[in-house]
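**Student:** Hey, can you work out the whole structure from these sequences and the hints?
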Amino acid sequence: GENVEQHPSTLSVQEGDSAVIKCTYSDSASNYFPWYKQELGKGPQLIIDIRSNVGEKKDQRIAVTLNKTAKHFSLHITETQPEDSAVYFCAASHSDYGQNFVFGPGTRLSVLP
Amino acid sequence: GAGVSQTPSNKVTEKGKYVELRCDPISGHTALYWYRQSLGQGPEFLIYFQGTGAADDSGLPNDRFFAVRPEGSVSTLKIQRTERGDSAVYLCASSLNPGSSYNEQFFGPGTRLTVL
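Protein sequence lines correspond, in order, to chains B and L. For the first sequence, the numbering used here assigns the number 9 to the initial residue and increments by one for each residue that follows. For the second sequence, the numbering used here assigns the number 74 to the initial residue and increments by one for each residue that follows.
One or more hints might be untrue.
Footprint (simulated), chain L over chain B, 3 or more residues, beta carbon under 8 Å [stated by the list, open to error]:
| hint | region |
| --- | --- |
| 1 | 48-55 |
| 2 | 109-121 |
Lysine-lysine pairs mimicking DSS-like chemistry, simulated, CA-CA at most 25 Å apart [to be verified]:
| hint | chain 1 | residue 1 | chain 2 | residue 2 |
| --- | --- | --- | --- | --- |
| 3 | L | K84 | L | K151 |
| 4 | B | K76 | B | K50 |
| 5 | L | K151 | B | K50 |
| 6 | L | K84 | B | K50 |
| 7 | B | K79 | B | K30 |
| 8 | B | K50 | B | K30 |
No lab work stands behind these hints: they were computed from the structure. Note that the structure is a prediction, hence the values are computed from the model and not measured. We treat Cβ as the ideally placed atom computed from N, Cα and C, and that holds for glycine.
**Tutor:** What follows is the structure, given as structure tokens:
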């Protein structure tokens with residue numbers, strides 16, 4: 009089955025700096041890769057996603073890149089703000105089959121003012 | 074509009090007891106998922122419903138865990154003979170049309186289960 013690894017487990021950056029979180033997956037059939045942000049005591053919220061027919065996607069300060077050959081994808085947050093502090097999870101799935109997500113273990117991001 | 078809701082938000086029970094956790098998905102969403110999240114880890118898949126039927130229950134850890142969705146909307150996750158290792162946050166998610174190429178899952182706030 010699918011296995012998703014995520015690095016780093018914790019990340020501290022100064023406000024205004026960029027943050028990068030990297031994930032690798034094992035199943036080459038996975039074709040949908042969402043990123044979720046989870047704040048304390050809340051459920052995960054989708055912040056950006058990418059499908060395997062696209063190499064990069066941007067949404068304001070957030071971008072995701074995908075390398076299908078290497079089976080890895082990354083989240084980039086620019087101009088970080090204190091409200092970006094949260095736990096971020098990457099996931100992989102076969103969207104065509106409506107199957108479950110396999111999540112990475114998470115990255116705790118702290119943005120220091 | 075209303076998001077995914079889960080009740081109760083917190084449940085404390087004693088080892089060996091039976092518990093039920095409820096999920097109300099977003100109206101019109103045909104797919105419903107249950108995940109379990111242990112402290113410091115990512116959500117782990119338990120079961121996926123398409124309509125009333127369980128399309129994939131491969132994540133249920135053992136036969137103490139069971140889930141139903143009798144009318145294709147609300148779902149209940151049932152845990153028998155609870156053990157301390159069952160303590161976790163149980164998350165529910167729903168999606169509109171999992172058979173399409175767009176499969177965003179919307180998560181509820183979770184139920185924190187503590188087994189003493």
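**Student:** Now tell me if each hint is right for this structure.
**Tutor:** Now the hints, each set against the structure:
1. Counting residues of the region 48-55 of chain B whose C-beta lies closer than 8 Å to any C-beta of chain L gives 6; at least three are required, and the coverage claim holds.
2. Closer than 8 Å: that is the beta-carbon criterion, and the region 109-121 of chain B has 6 residues meeting it against chain L, so the requirement of 3 holds.
3. Our distance criterion of 25 Å between C-alpha atoms is met by L:K84 and L:K151, whose separation comes to about 13 Å.
4. Distance restraint check for B:K76 and B:K50: the Cα-Cα separation of roughly 31 Å exceeds the 25 Å cut-off, and the hinted pair is therefore not satisfied.
5. As the CA atoms of L:K151 and B:K50 are separated by approximately 22 Å, the hinted pair is consistent with the 25 Å bound.
6. Our distance criterion of 25 Å between C-alpha atoms is met by L:K84 and B:K50, whose separation comes to about 16 Å.
7. Distance hint between B:K79 and B:K30 is fulfilled; the C-alpha atoms sit about 11 Å from each other, no more than 25 Å.
8. The straight-line distance between the Cα atoms of B:K50 and B:K30 is roughly 23 Å, inside the 25 Å bound, and the hint therefore holds.
Hint 4 from the earlier list is the only one contradicted by this structure; the remaining hints agree with it.
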